[in-house]
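Novice: The lines below spell out each chain.
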Amino acid sequence: KAGVTQTPRYLIKTRGQQVTLSCSPISGHRSVSWYQQTPGQGLQFLFEYFSETQRNKGNFPGRFSGRQFSNSRSEMNVSTLELGDSALYLCASSTQGEGEAFFGQGTRLTVV
Amino acid sequence: QKEVEQDPGPLSVPEGAIVSLNCTYSNSAFQYFMWYRQYSRKGPELLMYTYSSGNKEDGRFTAQVDKSSKYISLFIRDSQPSDSATYLCAMIGDSWGKLQFGAGTQVVVTP
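Respectively, the protein sequence lines represent chains Y and B. The opening residue of the first sequence carries number 1330 in our numbering; numbering runs sequentially from there. The opening residue of the second sequence carries number 12 in our numbering; numbering runs sequentially from there.
In case anyone wonders, no lab produced these hints; they're calculated from the structure. Some hints here could point you the wrong way.
[As the list claims (entries may be wrong)] No more than 27 Å apart at the CA atoms, straight line, and that leaves these computed lysine-lysine pairs for DSS-like:
| # | chain 1 | residue 1 | chain 2 | residue 2 |
| --- | --- | --- | --- | --- |
| 1 | B | 53 | Y | 1342 |
| 2 | B | 13 | B | 53 |
| 3 | Y | 1342 | Y | 1386 |
| 4 | Y | 1386 | B | 67 |
| 5 | B | 81 | B | 13 |
| 6 | B | 78 | B | 67 |
| 7 | B | 13 | B | 78 |
| 8 | Y | 1386 | B | 81 |
| 9 | B | 67 | B | 81 |
| 10 | B | 67 | B | 53 |
| 11 | Y | 1386 | B | 13 |
[What the hints assert, rightly or not] Covered by chain B, according to a simulated footprint, are these stretches of chain Y (three or more residues, beta-carbon under 8 Å):
| # | segment |
| --- | --- |
| 12 | 1342-1356 |
| 13 | 1368-1374 |
| 14 | 1379-1389 |
| 15 | 1405-1411 |
[Stated by the list, open to error] Non-contacting residues of chain B with respect to chain Y, defined by C-beta distances greater than 10 Å in every case (computed):
| # | residue |
| --- | --- |
| 16 | 21 |
| 17 | 29 |
| 18 | 38 |
| 19 | 52 |
| 20 | 69 |
| 21 | 81 |
| 22 | 82 |
| 23 | 84 |
| 24 | 93 |
| 25 | 94 |
| 26 | 95 |
| 27 | 110 |
| 28 | 113 |
Since the model is a prediction, treat every value here as computed from it, not as a measurement. Cβ coordinates follow ideal geometry from the N, Cα and C atoms, glycine included.
Could you put the whole structure together from the sequences, leaning on the hints where they help?
Specialist: What follows is the structure, encoded as structure tokens:
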């Protein structure tokens, strides 16, 4: 059974640019959550999608957005990148959002 | 005050010892509890998942949940150098899909 796949694994972007990250969940999982991990703040919840609808949202500015497709794959977009957006971005999938959540390997974003 | 408190360590133990990790939480709505292991520059790996109070064992790992005290624990028996990693507790309450994490405890198992 394939795990959660995140692409790309690494990204280097310039301040002001935008970026799109992709997450393919485990087959059959309908809930996809996104997290930002930094050394100072730890793992912080960005948002969660279930059946193409954003169900929960964390305390991040509107520059962070996402969507989910009918096949449960999800994308996350960050516009007008700032240096502080440099982090490991992780997605997790679960069947409905209440059970075991499995993470991908993450996308390491560096903003220069 | 954070909803989930976890000592960041580092916690250093000799090979073969029992590693004891714990988290406390304040939100009584939390009902699903998980422990993850994360190696440097990798995604978190799910180790244990529990729903009710009590103990759950899986190989060298034992997870305990005490909802009355809002306290969860993870024990690792016969620790190995390969167990050196950061261990994160996580919980879900009534906001499905939103995991609330502890800060993570760095564990170092010395040969």
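Novice: Could you work out which earlier hints the structure fails to respect and list their numbers in ascending sequence?
Specialist: Numbers 4, 12, 15, 19, 27, 28 - these are the hints that the structure violates, sorted from lowest upward.
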